[in-house]
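A.B. asks: Protein chains in written order, with this note's numbering: chain A, 270 to 504; chain B, 28 to 363; chain C, 5 to 292.
Derived by calculation from the structure, the hints in this document are not laboratory data.
Note that the structure is predicted; figures quoted are calculated from it, not measured.
Derived pair list, reagent style EDC-like, types lysine to aspartate or glutamate, alpha-carbon separation capped at 16 Å:
no. : chain 1 : residue 1 : chain 2 : residue 2
1   : B       : 266       : B       : 71
2   : A       : 324       : C       : 181
3   : B       : 334       : B       : 345
4   : B       : 144       : C       : 95
5   : B       : 244       : B       : 228
6   : B       : 266       : B       : 193
7   : A       : 465       : A       : 429
8   : B       : 334       : C       : 95
9   : A       : 324       : A       : 280
10  : B       : 337       : B       : 228
11  : B       : 337       : C       : 95
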Amino acid sequence: MSDLLTLTSLDAHYGDFQALYGLDLSVSEGEVIAIIGANGAGKTTLMRSISGLLKNRAEAVHYRGQPIGAMRADQVAALGIALVPEGRQLFPSLSVEENLLIGGKTGRKGPWSLGAVYDLFPILQERRTQASTSLSGGQQQMVAIGRALMANPDLILFDEISLGLAPVIIRQIYEALPGIVGQGMTAMIVEQDITKALSVSSRVYCLQEGRVALEGRTDDVTHDQITAAYFGVEA
Amino acid sequence: MSGPTVSRSTRASRVAMIIGFVGLIVLIAAPWWAGRADLRLMGEIYLYLSLACLWNLMAGYAGLVSVGQQAYVGFGGYMLFALSIFGGLNPVVAILLGGVLAAIISVPVAALMFRLKGAYFAIGTWVMAEVFRLSFAQIQPLGGGSGTSLPVAIVKELGAKKAAREATSYWLALGAAVAVLLAVYLLLRSRRGLALTAIRDSEVAASGLGIDIWRTKLEVYVVTSAFTAIIGGLIFLQKLRISPDAAFSVNDWTAFVIFIVVIGGIGTLEGPIIGTLLFFALREVLADFGTIYLMVLGAVAIVVMLKAPKGVWGLIRERFDLELFPLSYRVRTKDD
Amino acid sequence: MIEWSGAIVQGVLLGGLYALFAAGLSLIFGVMRLVNIAHGDLIILAAYLGLSTTVMLGVHPFVALLIVMPVMAGIGYVLQRGVLNRTLGPDILPPLLVTFGLSVIIQNALLETYTADPRKLSGGAIDTASLDLGGITVGVLPLVTFGIAVAVIAGLQFVFYRTALGRGFRAVSDNQDIAQLMGLNKAHVFGVAMALALAVVAIAGVLLGMRTSFDPAIGGGRLIFGFEAVIIGGLGNLWGTLAGGVILGVAQTIGAKIDPGFQILAGHIAFLVVLAVRPNGLFPRVAH
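Just chain A, with the same shape it has in the complex (with noise of 0.2 Å):
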């Protein structure tokens, strides 16, 4: 397996505040990697640096082969990794069917289209002409999937896709999970719920305090060491 994304020693700052050292980490093609961490871990910062709204060093981000650590967003977008954002943000001044339509702003070719979506998400297709800002919780999660979808992208990287959201919508997405990343594309799943991450994922990263602090193939990985990664404590 070739090495669709790597990381070779990220560090990522906020002004003075650093939360990322010298982080590796990579991605194979087909795979789906969960990223787990307590709070402050550097999830998010972790999925910023990659999706290209926090700017790095050219080098500390390789996407196919090609450095791509200080390009914009857009730029990133284009080459086919697309963000599922923590807390949806969805655009409230678009309707649900242009929140869409925007995601597919990036022309790539896919599988993946406004019918695509529909049919994964139907509910979605009823309520097309709603504002997104009247949507449930979990149905503005279906868009904000479904937005990422539509740009056909090869890598999708899903930020807290459960958080607050109530469990009846979670096991929803978990179930349409595998219709989505079934279809070759590659996934990294930042999520708090550490059973759901570990229940679709073939590898791990435990994240702490801006480190990797445990890595390996989900089979593998004990639940003590899981929780040793997760805690900073020997078990």
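Using the hints, position chains B and C against chain A.
C.D. replies: Using the frame of chain A, we list chains B and C on its own:
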């Protein structure tokens, strides 16, 4: 004797104070050593310096970016003419009374303008200044749209001889500049000043500290407007002639003042001083080029805003850690 | 009575021109929260470009628009990407002061190039043609101006709410970061928005130049009229802006009817009254 101490003054600020004091004495004596043209120019410099300090207080500290302060310059000028011609008041009394009237008028104006946020506040104040201009243009006893001159009898109250009048006018301008500088400095040093600095740094945090932002801004607006009107009165005491277009000129009383503050360094006390000196130096050099001079001024202001938003003083301060008007507290250890 | 209704009709038509002054202002504020102090001077620049085009090519001002509009749009794009994008951020001072500097530069560049003499664009027969509408005489040019204003606002409304471009405008306006994630380069989107705004400014400038004489100093006044129309109508509502322009125009013509010196003042007073009574304007955009 050990441990760090906290103080505001620095060696540079103490030296600056001594130099300033000596310089002030030299400037007070100017009517005996300077020529008439120089005296006039220096008077103009003091008045622009005052306007710049006042605008800086309002925009740089209170966040009230007005492009309509010409309303108060013109108002002060017209009050001088109206109160001395029709009220028979001594010109200096008329100018001071004009300041009081401006303070009173500025309260309802602020109540209306403060409804506009940010840049819209800026244009709103411009509209207000236009209302002032058009209103004064309607007053026929003051010459309507074409304006009027200060009668000789009133001018003579400042001094029987021309030289004496010009000296008086000069001292008034100098006194006004010193008063404005001192007032702004003392205001910023006071509790009010701390509140203003807090507002400038973060409005949200300031209101969390229990600072009434609206009221603090109103106070600054009223005080600034009153002083601006007094300066306006002095400006037209120098000119001896007033018309709506000259009194309420956005270019003369706002554009130039903004350029002075931006180029010198907004949000600092030293900025307007440096800006005023640079402005007049540039004007003396490029005076013959007229419109080109104004274009250069506009371009310089844009470049400064983009490349060095803290202005010339910001650059100096960054390099040398200087502060001539000690406002910030410094912690120092004993061997500092 | 017929006199007064005449004044009102004139005012409504004048309002169309003010709505054109305001539309560009409203558009760029909506997309990037930028208030452009040089807006009025750009209107005057467009009028002068129209003048040069008509003189050099010997064409009608309406034909000159075919050149002035793309030129102004180009200026807008370059200005936005070269200068104005660098001023955008949480601090309102930089955009305000930079556009203020720009205003002084444009004004004096026009003064240097064209002198302070008042100029006018000649539209030929349309300048003096008039219609009789039930006893009220209406100039054809003001009528055409109003029609163009309605068409421009309908067009902008269409672009904003029915096209991919408008979708991009609204998305960037809502959330710049997330819009960037969708593949929208905000620097470019802002540039296009300014280009569109200045294309409208081009129309406004040429129509202004046909209606009255102009000189380099009158830009500030046009900015103020546009601004008043935006605030009266309510922020973020283009049709409201047209209504705001009409209210301003009617206030001015009625003021002028009372006393010619009272025209502009009456408009300002109408603006201040609206500000006092309805600080959010008469037709603020309802939140979704």
